[in-house]
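S.K.: Line order of the protein sequences matches chains A and B. By my numbering, the letter at position 147 of the first sequence is numbered 147, and the numbering carries on one by one without gaps. By my numbering, the letter at position 83 of the second sequence is numbered 83, and the numbering carries on one by one without gaps.
Honestly, I wouldn't trust all of these hints.
Identical copies go unnamed one by one, so any copy, or any two together, can satisfy a pair.
Stated by the list, open to error - Straight-line alpha carbon distances no greater than 20 Å define the calculated EDC-like cross-link-like pairs of lysine to aspartate or glutamate that follow:
#	residue 1	residue 2
1	Lys-188	Glu-151
2	Lys-121	Asp-154
3	Lys-188	Glu-148
4	Lys-121	Glu-28
5	Lys-47	Glu-130
6	Lys-122	Glu-82
7	Lys-188	Asp-154
8	Lys-122	Asp-174
9	Lys-122	Glu-28
10	Lys-62	Asp-174
11	Lys-35	Glu-176
12	Lys-62	Glu-92
13	Lys-188	Glu-92
14	Lys-57	Glu-20
Keep in mind that the hints were calculated from the coordinates and are not lab data. Bear in mind that the values here come from a model prediction, so they are computed numbers and not experimental data.
Each chain is listed here by its residues.
There are 2 protein chains.
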Amino acid sequence: MLLFVALATRSQGKRRAILEATIRVLREQGLGGLKIEDVARAAEIGKGTVYLYFRDKRELLKALVEHRATEFYADAEAILTEDRPFFERLRELLARRLAFVDEWRGLWAAVAAEVAQGEAKKAWLTGLHERYHRILTDFVQSGIARGELREGLDPALVAATISALGCAPQLPVDREAYLDQLVEIFRKGVGAKP
Amino acid sequence: MLLFVALATRSQGKRRAILEATIRVLREQGLGGLKIEDVARAAEIGKGTVYLYFRDKRELLKALVEHRATEFYADAEAILTEDRPFFERLRELLARRLAFVDEWRGLWAAVAAEVAQGEAKKAWLTGLHERYHRILTDFVQSGIARGELREGLDPALVAATISALGCAPQLPVDREAYLDQLVEIFRKGVGAKP
């Protein structure tokens, strides 16, 4: 049993190493010329080993988007469950989210487009969004429980608004001033003390 | 001169007819199998005529995204310059924007990805976004001038926030309740009367 756990952990470690290597290759070469061979070289393993973990390039890319999204959700959850004022946590979350969306626009959107089309893609992306929505709904509930947000708010709706506020408009505005503005509007909009 | 204007108008009409036909073909067949031949058939013109207006498929698709975006901006401008309360206009704009973003996610994002890559694409999309930002900035200024928004707001920053609020989160929330919530937060956040 212990051996099995150790092997499983090592296997997870290798899987992760392949995904991280794929990110490096994508950043250097873009999606166009991505070859499993380059990924293997970057991960310092054999090409055949990559295929032990991922059936083909499409499966690798799908796992990669999930890996990046999951990392972001883990970061978000860590920030949002800290014992700090609600609007401080909100500002930090939004700053991370805008950075993530900028990165996403550059590369991950193209990767996601490779992965699936039509209804299958929609269902898959909706699953990822729902996870984010659950994290944000818990966060809003914690704000109400702490008395920092007004009572009577619908946590799911407020969470959807926070989700929207994380869209980075590609506009010529100062990022820090923009974040301050978002948080100020939100504080006045849902804060307990107007 | 009159003849020239008449010909130019007829030419604009035909160009538009080709773009509208392309939209119909894309909606039926998706982007994968798009052929200029099908577009010509849908527009009830010869294939050669399409090439008088668009050098190739890429140029046609680029013109199409601009056409749809320009239509949306014209709609937005019409709504936002009506003589009605600021927050009523805002709600109508956001409802249209969410519908546009839903449509965009389904098809136009794929079309836009075909059109250009890297820096050229970024510059082109930024140009489209900046037009929207100018329309929204004028709208915010009108709200301040009418005394419906607080003085001392930075119109460009508030416009950027409205732009973000137009992101449709793909989440299981009721669209109408979500719109009400957005407008309420925004009213409390920047409205003149808290």
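S.K.: Please go over all the hints and tell whether each is borne out by the structure.
M.R.: Against the structure, the hints come out as follows:
1. Taking identical chains as interchangeable, the C-alpha atoms of Lys-188 and Glu-151 lie at most 20 Å apart whether they share a chain (14 Å) or sit on different chains (15 Å).
2. In the homo-oligomer, the alpha carbons of Lys-121 and Asp-154 never lie at most 20 Å apart, since the shortest distance is 29 Å inside one protomer and 39 Å across protomers.
3. Proximity of Lys-188 and Glu-148 under a CA criterion of 20 Å is satisfied in both settings, with 11 Å inside one chain copy and 16 Å between copies.
4. Taking the closest pair of Cα atoms, Lys-121 and Glu-28 come within 20 Å of each other only across two copies (19 Å); inside a single copy the shortest separation is 26 Å, beyond that limit.
5. For the identical chains of this complex, Lys-47 and Glu-130 are neighbours neither inside a copy (35 Å) nor across copies (45 Å), given an alpha-carbon limit of 20 Å.
6. Proximity of Lys-122 to Glu-82 under the C-alpha cut-off of 20 Å is found in neither arrangement, the shortest distances being 32 Å within a copy and 36 Å between copies.
7. In this homomeric assembly, Lys-188 and Asp-154 come within 20 Å of each other (Cα to Cα) both inside a single copy, at 16 Å, and across copies, at 16 Å.
8. Proximity of Lys-122 and Asp-174 under a CA criterion of 20 Å is satisfied inter-copy only: 18 Å between copies versus 33 Å inside one chain copy.
9. With identical chains, the CA atoms of Lys-122 and Glu-28 are at most 20 Å apart between copies only, with a shortest distance of 18 Å across copies and 28 Å within one.
10. Taking the shortest Cα distances, Lys-62 and Asp-174 never come within 20 Å of each other, neither inside one copy (34 Å) nor across copies (29 Å).
11. Taking the shortest alpha-carbon separations for Lys-35 and Glu-176, neither the intra-copy value of 39 Å nor the inter-copy value of 46 Å comes in at or below 20 Å.
12. Taking the shortest alpha-carbon separations for Lys-62 and Glu-92, neither the intra-copy value of 28 Å nor the inter-copy value of 37 Å comes in at or below 20 Å.
13. Within a single copy, Lys-188 and Glu-92 get their C-alpha atoms as close as 18 Å, which meets the 20 Å cut-off; across copies the closest is 22 Å, which misses it.
14. For the homomeric pair Lys-57 and Glu-20, the shortest alpha-carbon distance inside one copy (14 Å) is at most 20 Å, but the shortest distance between copies (36 Å) is not.
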